[in-house]
Amino acid sequence: MAIVRFVHAADLHLDSPFRGLREVEPAIGAELREATFAAYDKIIDLCLAERVDALLVAGDIYDARDRSLRAQLRFRDGLQRLADAGIRSFVCHGNHDPLDGWEAQIDMPEGCRRFGSEVEAAPLDPNEPDAVVVYGVSFPQQDVYENLARRFRRDARHLYAIGLLHANVGSDSGHEPYAPCTVEDLERSGMDYWALGHVHTRRVLREHDPVVVYPGNPQGRHRRESGARGVALVDVGNDRQTQVQFRDVDVVRWETIVLSIAELSGEQQLLETLDERLDEIATADRHAVVVVRLIGRGALHYPLRRGDTAEDLRARLNDSLRGRDPFVWCAAVEVGTAPPFDRAERRQAQDFLADILRLVDEVQAGETPPAWLRAPLATLYEQGKPRRYLGRDPVTDAELLQLLDRAEERCVEALLAAEDGSGATERSTP
Amino acid sequence: MKLRRLHLTGFGHFRDIDLPAGGADLSGRLTVIHGPNEAGKSTLLEFIRTMLFGFPVRERDRRFPPLAGGRYGGRLHVLDDEERAYVIERFAGRGSGTLTVGAEHGRRVDPATLQRMLGHASTLLFKNVFAFDLDQLRDVTALQEAGVTDSIYSAGVGAAGLTQALAQFDASCLKIYRPNGRKQPVAQALAGLASVEEKLATSAAAASQYGKLRAERETAERALMQADAARTRAQQESGRAVRLHDAWSDWVTLREVERELERIAPRPEFPGDATTRLENAETSLVEVSARLERERTELARCRSAAAAIKFDAALLEAAAAVETLRRKRDSFTTALDALPAGRAEMQSLAQEVAQDVGALGRAWNADRVERFDTSAPVRKELAEIGAAYNDALRSQRDAEIACGSADRRLRDESARLGAVREALHEVPDPILDAETLGARRAAVNRLRDELVSLDAAQTLRDQEHTRLGELQTQRPEAQPVPFWQRTEWVGAGATAAVGALALAGGLLAGGTGLIFGLVAAGLLAATAIFLALRARKAPVPLAWKQFDKAIRAQKERAADAAQAIQAIEARLPELAAEAELGETASESDVAEAQEELAAAQKVLDMRLEHEGDLRAVERQVRLAQQDVERTRTAAKEADASAAAARRVWTLWLDSRELAETMQPDEVTELFGRLDTVRAKLRQLGDRQRRLAAIEHDVEEFCGLAGPLLDQRGEAHSQTPAQIGPAVDALIAAFDASREARDEKEHLAERVKGARRRLADVTAEQKRAEEELQNLLASAGVDDPVEYRRLAAQQARRAELEPQARECLAGLVRRSGPGQAFEEFRAVLEASDLDTLQRNRQRTADRLADQEERRDRLIARLGELQQQITTLESDVSAAELRQDREALQTELAALAREWATLTLAKALLEQARRRYEEERQPEVVRRAEEYFGRITGGRYPRLNAPLDQQQIEIIQDNGDRKTPAELSRGTQEQLYLSLRFGLIEEFASHSARLPVIVDDILVNFDPERAERAAGALRQLARSNQVLVFTCHPSTVELFQRVAPEVETLPLPDRG
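Keeping their order, the protein sequence lines are chains A and B. Adding 116 to a residue's 1-based position in the first sequence gives its number in the working numbering. Adding 1 to a residue's 1-based position in the second sequence gives its number in the working numbering.
Here are the simulated lysine-lysine pairs, PhoX-like style, with alpha carbons at most 20 Å apart:
#1 A:LYS501 <-> B:LYS184
#2 A:LYS501 <-> B:LYS200
#3 B:LYS311 <-> B:LYS745
#4 A:LYS501 <-> B:LYS176
#5 B:LYS556 <-> B:LYS546
#6 B:LYS3 <-> B:LYS128
Derived from the structure by calculation, the hints contain no laboratory data.
With the rest of the complex left out, here is chain A:
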């Protein structure tokens, strides 16, 4: 017999676009735009099928900045379906949908509890005010750097306490440091279960006393959100033992194929290998967006670098994938290959090329990239218009060093071509 059964979701980001796609077929584009909604519908279906007592949503339901009325309406419609089935819902807001963010005047269904800017406690069942209680707080505005977890204090009368919060626990560097807190802060609050949001990758930070869970976002929207995505289905037994199961609800999955060209004999084998790998992905029961990353040293490097080869390859793969249902779409072919030359051997030489290789090694070994390396990038990255858009994705030191590797490849390619007497290899502008 269970005390309570609920679904814990977070970071729905309804109606937010997929990133990292330069172009898609119209039909696939429509599927992608619908993907966050479809995943949300699957969450509602899961609640109904599993006959849960409540749905808890830990912030970032939509991106307030986008002012998507559709997102708010669809969210309301889903909760209405739950209310019609007698399932309650508890919602708090995060940095993407703070209380002061834009919101259409939409009435939430009865049985839905939205938390305000102060921590409040709401019984899961109004008829049993001291049984299972949800404590929650919403971001009053986007930039909340206060440790909100510390505001949570459990009432001892409550049988089972759930904390609903959008926060960065343990200063996850991959996410903004909003509402920062530690696991210890969470422990001290006295909650039995922390239903967290903000971190998009599912993880259980603590398995008991209290149970601390990030369910991750239900639909990956870019290549870094690859793999299965979903929600946590939580069962609390009479002994207050908490069982957490992750359930996938994503409808489009991001996949990455990493393939080394070192062992490939030619373009034909490259195509065949990629076709095989894509076929494996295509056998899954959900749509997939694939990024192909080619690595390794080999003779294929030159044709891959030539002209629009990577883009042509992507088009060819998408041609061969066309018409599949569920669809598979190749979002990008990234050429991270290197020419087939023995770098270590060449580094031993006493010529200019060896000087370059040694210089690169020197930079890579240094603590921070030297100024002569970063300075030239300012021309683009720190100019008015480009900065506005590129500022979102600034070049980090690590990325700068990755770019340096690619730059070295270009230098090697050009200098070797000149040595061969065939002139500089044709380079293309993307």
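Take the given structure of chain A and dock chain B to it, following the hints.
Coordinates of chain B only, in the frame set by chain A:
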């Protein structure tokens, strides 16, 4: 690295060539290799480059294919900087060719060893700095001034493509992004983003109106509800006004109808279709009267027609006879036609039969012919008996003939016997019997054979003797000489003896005498041996020996012949006795005896032949006698058989009452004739019967027709030929009578029917009259005119009543029932049409106002709803956001590509900066040293500022020049010096590679050329130097400047 030896397997014009020739090594560090133009200097230079750095990858760049054959490539024997020996072997193949590097003792080592030996120098570095010709030196000088240093430095550090790469990266960057540019992809992506964001802002602004729109919608909904209520009231008022107005015509009609109805009293007894019913009754009466008239007319017409028809009843009674006549009419005509011919034919046939019967003989008449039995059993009997009779007669005849034949043969044979016997008598008796004669002939023959043998033996003997005589005659006279009597042997013996004596003398004399003796003895012995050998070799005379041998053989053969003669002669007497001849019988005797014996043999043969003939004839006579006896017996038997057969035949003829003389064949023929006659008799009978039948038919027809014709008064004596047409007329009359009778009967039937119908129609007329009267009576009138007037009044009433009801119903429908109707009616009674029309218009206007207001509200509400729905279902913002993401992704990719290229450029520049700072000064310092030396101190210093890509030349007076300001030769000396600087710099931290120059001193004045040669000699201390030249003066120059120089002629072409 030092080159020791070159081996060109196949390269250009060289094939299997060694340098130096003969397997030697290049001995010194400075070597001048000389030869005339086109001797292959460039080929050798390229060969060394190729061996060290590989073949050009592209086929078209391989300029020295093995024109003289051999495998494309060769070997280099080298020493590395540590003096270790290696063999580098390379042949053309894929890529840079198939490379093998071997160490001492042929052990293969890693090909990468070569790279280490070469200090990882690139092909281009080697080509530009270490192995070059005048053209390449000039190429460098021909470059732009600013590019010269770049180029030389690039070459020096193995970065030939540096300048090009920098330019290329720069161009690529600008293609992606140019500050303030508009066409570059980055600018376009930014423009796209700005556009998308603008649209998104519009979309967001619209979304913020959502709440306001919803509030407005609620207000509009409330206003609509109020408008709906007002409209409902206006509708009700307008509706009543319309109904009152619309009811006005009904109301007026109702009032008029009600007034008219009051004027017509109701007559319920009048049915609704009274007039129709009256008209129907009247019409029926008229119709029935007309039909009555038609029936009467018909009756009268049938009666008169029937009375007019007449026919022959008596003839109709004879219908059966007439039908028979009709049936037989055609056959009667046919029979009548056939009768004369049938009669004639029958008479002819009867005559023919009588003749045939008469021809059979008097004993025959038709009756006997008919009765005579010629049936199959009788015919079979005739055949058997006749055949037996004929066979017996034939056998009798054959026996008689055989008898005659045997008698004739006996007579012939007897005559022959007599002739043979006579001939035998005339043959003489033989002398000897056959046996004796045979024995004697054999003996004579043997004797003859022996005599012939004797003759042959004697001839042989004579021939042998003759041959013997000839041999003896031809034999040489000389007798063979004994060997001891021959001179050679004598000489030899004598010489040997003298030798022996000489030896003996020597032995006795001793000392020189002994020697002399030995020598003399030796000489003499040699002579003796020579003579002895000669004697041995001298021939015995051949002819004498052969003759002697032949004579002896001939004698033996003569003796044999004599012996054979003796043996024959010994046998002759016995043989002569056997032949009953004398012992000396000669061959002629024998021939005579042979002739005698042949004559006796002939007589004997003749006798024996005649005796044989006699015996044969006697045997034939005996056989003929036997035949005669046998045939006579057979003839008697045949006679007896023939007599018996005749008796049987005669009896058979008698039993058939036929003449005894008839033979079987005649009887058989008679049978045939009887069959023919009988057939004709039967044919005659048939004809007679048929004719009788025809005649009977004719008679019968006439018999049948006669009474009928009589009855009709036709003449009875008419001939059959005339009866035919009469019968035809009779049949026609019969047919006409039958038709008339049938017509009459038909009319009688019609009269009956007309009578019946007349009665019916009469009754019907009566009923119609009654019906009309009843109708008038029912209306209480007796006049149809009055009836019609009343009926018209009632019909009008019937029309008005529904009209009144309809108007009333219309009023009720518009007003509502009960009280409402009464009020409605009261209003109508109190109103007029104008009032009603005005009222209707007023209320309608009010309703329209309300409707319009409501429509406006609905439209506004729809508009609001549309806006709200659009906002709620708007996906364009999502699409725009997706577009924004795509553009941002595009922008990020472009930015990264740009960043990569920018970093690549920065990397090249940084590396060059470092090179210029760290290495270039040393190169310039070394070059400065060489340049000063070559120019004799005229240009003691060089300067290469770090921030400028060029070299300054400082003169001894302190003036500065750029390379372009130097003369051509001095420019070449400058770049040669720079190369030397680079070579030394390279050697200082890497490998000491061989330096190969190809006639580079030609533009130098003699003084500078000498100093340049000296510089090369200096360079040779660190690096091996090979100088190719076609100028003998250059060879001399080096020999003068560097006495240790090794000079080699270029090898001959393979």
